[in-house]
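Asker: Can you build the whole structure from these sequences, using the hints too?
Residue numbers (our numbering), protein chains in the order written: chain A, 7 to 139; chain B, 7 to 139.
Check each hint, because a few of them may be wrong.
Copies of the same chain look alike in the list, so a pair counts if it works inside one copy or between any two.
Taking lysine to any residue and the SDA-like style, the derived pairs with C-alpha atoms no more than 25 Å apart in a straight line are [said to hold, decoys possible]:
#	residue 1	residue 2
1	Lys124	Ile14
2	Lys44	Glu134
3	Lys130	Pro119
4	Lys61	Ile14
5	Lys130	Pro76
6	Lys98	Leu42
7	Lys44	Lys130
8	Lys61	His27
9	Lys124	Trp53
10	Lys99	Gln74
11	Lys61	Gly78
12	Lys94	Arg123
13	Lys107	Ile118
Just so you know, these hints were derived from the structure itself, not from any lab.
There are 2 protein chains.
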Amino acid sequence: MKISTIIIFCLMVLMTGCSQHVQRFGSVIGVREEALQKYREMHAEPWTQVNAQLKESNIRNYSIYLTQFPDGDYYLFSYFEYTGDDFKADMKKVADNPRIKEWWSNTDPMQIPLANRKQDEWWKNMEEVYHLD
Amino acid sequence: MKISTIIIFCLMVLMTGCSQHVQRFGSVIGVREEALQKYREMHAEPWTQVNAQLKESNIRNYSIYLTQFPDGDYYLFSYFEYTGDDFKADMKKVADNPRIKEWWSNTDPMQIPLANRKQDEWWKNMEEVYHLD
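Answerer: Written out as structure tokens, the structure is:
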């Protein structure tokens, strides 16, 4: 094998690893004050199969932030990136996973979805107005 | 040069490019309804020197999301990653850049900072409760 071939191969691996097609998602939901500690604890040590299913479904770089608003209410903001090519199918796999269902049966009652979210939403999807790579 | 040396070099480049040390930041601020269109327009075509200064100051993967709350108020949520090793110094360079100052002189009056933010904040910093790489 020629050296130039190897270098080109390595560059291709580099480019594939660093510049996949990515869709970004930002969303928001309320969270009950009395559930904050439990929510924090669960997310500090998420169940292995929950994280594994998210990765398997092409979710990456997923962060959830918590903040209190001046009126005293608490909100969660999530940001994640999707690197697959069939979001709907991948999200169905997430929703069908028994361990995820169990996770959600814990977290759903902690959350207060925004009343003005779309009909099929739990977390309210937000509009991206700016992005810098 | 041996083939094995070249492969190791390429792998090192790959690892450096993909696994830099990263700090993540999530923050929130209100935005005036009457400024929405102008805010969207400015951020759809940000000034070259503004984006260049952010990159120069080791900010990357920076997104801003907009959403309306059920009470009718609008909020912006930002997510970005910092890859440098002196955040304070890098942010000072951002704040001192004349083009950034001009940008902020446009955007500050569009925004309504949260009353319960910390004293030195404009955007209110949020607490990260979950992250999946």
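Asker: Now look at each hint and say whether the structure bears it out.
Answerer: Hint check:
In this assembly of identical chains, Lys124 and Ile14 lie within 25 Å of each other by CA distance neither inside one copy nor across copies; the values are 47 Å within and 50 Å between. With identical chains, the CA atoms of Lys44 and Glu134 are at most 25 Å apart between copies only, with a shortest distance of 15 Å across copies and 30 Å within one. Proximity of Lys130 to Pro119 under the C-alpha cut-off of 25 Å is found in both arrangements, the shortest distances being 7 Å within a copy and 22 Å between copies. Taking CA atoms no more than 25 Å apart as the test, Lys61 paired with Ile14 passes in neither setting, with 29 Å inside one copy and 27 Å between copies.
For the homomeric pair Lys130 and Pro76, the shortest alpha-carbon distances inside one copy (20 Å) and between copies (11 Å) are both at most 25 Å. Taking CA atoms no more than 25 Å apart as the test, Lys98 paired with Leu42 passes in neither setting, with 28 Å inside one copy and 34 Å between copies. Within a single copy, Lys44 and Lys130 get their C-alpha atoms as close as 22 Å, and across copies as close as 23 Å, so both meet the 25 Å cut-off. Within a single copy, Lys61 and His27 get their C-alpha atoms as close as 16 Å, and across copies as close as 21 Å, so both meet the 25 Å cut-off.
For a Cα distance limit of 25 Å, the shortest separation of Lys124 from Trp53 qualifies neither inside one copy, at 29 Å, nor across copies, at 33 Å. Within a single copy, Lys99 and Gln74 get their C-alpha atoms no closer than 32 Å, and across copies no closer than 30 Å, so neither meets the 25 Å cut-off. In this assembly of identical chains, Lys61 and Gly78 lie within 25 Å of each other by CA distance neither inside one copy nor across copies; the values are 34 Å within and 36 Å between. When the C-alpha separation of Lys94 and Arg123 is checked against a cutoff of 25 Å, the pair qualifies only within one copy, where the shortest distance is 19 Å, while the shortest distance between copies is 37 Å.
In this homomeric assembly, Lys107 and Ile118 come within 25 Å of each other (Cα to Cα) only inside a single copy, at 18 Å, whereas the closest approach across copies is 38 Å.
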